[in-house]
Amino acid sequence: MYEWSQAHHELRAEFAPWYEVLSEGHLDADNDPGSDTDSDGGSPIRKWEQVRASGLLRLPFHTEWGGRGLDLLSTMYVLEGLGEGCRDGGLCFSICTQLVSAGIPLQRFGGPELKARYLPGICDGSTITAHAITDPRGGSDVLGMGMTAKPDGDDHWILDGDKVFVTNGPVADLIVVYALTDASLGPFGLTAFLVERGTEGLLAGPDLPKLGLRSSPLGELSLRNCRIPAANVLGRPGLGFAVLDHVMRWEILCSFIVQAGAMRHRLDRCVAHATQRRQFGRPIGSFQMIADQIVEMKIGVENSRRWLYDAAEGVVRGRDVTTDVAIAKVVTSEANVRSALAAVQIFGGRGYLAETGLEKDLRDAVGGTIYSGTTQMQRIRIARMLGLKESQT
Amino acid sequence: MDITEVIREFVVTEYLPDTPADELEVDYDLFRNGVVNSLDLLRLISWLKDQFGIPVDELDIVPENFRTVAAIRDFVESALPAPAERTLS
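From first to last, the protein sequence lines are chains A and B.
According to the UniProt record's numbering, the first sequence holds residues 1 to 393 in order.
According to the UniProt record's numbering, the second sequence holds residues 1 to 89 in order.
These aren't lab readings, by the way, just hints derived from the structure by calculation.
Mixed in with the good hints, there may be bad ones.
Derived EDC-like pairs: lysine to aspartate or glutamate, alpha-carbon spacing no greater than 20 Å straight-line [as the list claims (entries may be wrong)]:
no., chain 1, residue 1, chain 2, residue 2
1, A, Lys-210, A, Asp-32
2, A, Lys-298, A, Asp-268
3, B, Lys-49, A, Asp-320
4, A, Lys-150, A, Glu-200
5, B, Lys-49, B, Glu-23
6, A, Lys-150, A, Asp-182
7, A, Lys-115, A, Asp-155
8, A, Lys-115, B, Asp-74
9, A, Lys-115, A, Asp-71
10, B, Lys-49, A, Glu-313
11, B, Lys-49, A, Asp-245
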């Protein structure tokens, strides 16, 4: 298990004062997420100005662009503190999307000019980012993707198609759009494009109502004959699968270490409640069935942290972590749902009330089993990496 | 087993379980024929790193190097140190 230095502890503590500010009013925001809807249909991200001021958005980017220059593990360590300290799961999710969707692939695959143009705004949060991966027809078959890009002369591409489930999409200024450029090239058929808000033919749909993560705007995108400069290709044409793989590792590791932090907070809350709340003349924590549930929560937190940090260390060391990241994602997302459900149960009737915030945690947690590749897709991925073949029939 | 055979064996074992290894032509197009998808490619690259000890940077990954068994062999040979250097090291 990774050892954290004094500098890491100090770094994490540096951001702690912001979490109370970011959490304030989160229950109201969850009940009425569209209350501050813009005239153009997009809901601004709650507390975004405070998020910007906190400096959280700078974590993994080079100092050259206004970032803090942190490596993956250090970034995750701070984000675990965010999950522990900030009660607004939707806001945390939007922050993670901002960090990884465009900035991370741009830093890794972008040329100097693209970086200079976009990274300073991504670091200070004046440029809100998103990535558009999922096709309306769904599925993991990228070669069946409906979003296509065709060359228009030597220096432009024409993008055409639709995307769904775009976090931050309704308000994003810059979106990484994955499009099919040449189906005959198999895995090299996919290309990642940086698309600016305001591009002619780009239409961002409104924030869609959903089960949880309500303060994180989620929408659809439509691109009709969008003319994109060739200079806005990340990496080069055909490298979309590598860009996506790089981004998905960061996305899973960063957004799920936030969940591990949230699980730790929930565990502490349940321990305190089980110690103080008395029934039949004794603390409820003294009942074995309550203690068992809390022990399972503890195991869930520790298991998740170990898998996430271990997989991250593998990324840094250049190990093949395809399977590890998939396992870490399944372990953490499922442990989070169990933890949230247990907390509602342990708090009983009060846990069921919106005012306690635990039912919201449960609704937020369900999302984790779906986004960034569903539990089922991760299991399929693990099976393939084991050498188990898809049915040939 | 030479490099070509090692690669052919891997491709057949991993992606074409119903094909005898000696029936896979070295110039068979693995992409056009849908043999290798994006996850398979990542696994193949990971295997090449481990098997031959060659660093493969994501930015060096071009389709020409992975389209056929022969192309993969050429890529591996060009990435390996020259035999003389290998002997010295």
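Right, here's what the structure says about each hint:
no., hint, result
1, Lys-210(A) - Asp-32(A), "holds (12 Å)"
2, Lys-298(A) - Asp-268(A), "holds (9 Å)"
3, Lys-49(B) - Asp-320(A), "holds (9 Å)"
4, Lys-150(A) - Glu-200(A), "holds (16 Å)"
5, Lys-49(B) - Glu-23(B), "violated (26 Å)"
6, Lys-150(A) - Asp-182(A), "holds (9 Å)"
7, Lys-115(A) - Asp-155(A), "holds (19 Å)"
8, Lys-115(A) - Asp-74(B), "violated (34 Å)"
9, Lys-115(A) - Asp-71(A), "holds (18 Å)"
10, Lys-49(B) - Glu-313(A), "holds (18 Å)"
11, Lys-49(B) - Asp-245(A), "holds (17 Å)"
Of the numbered hints stated above, those contradicted by the structure are hints 5, 8, listed in ascending order.
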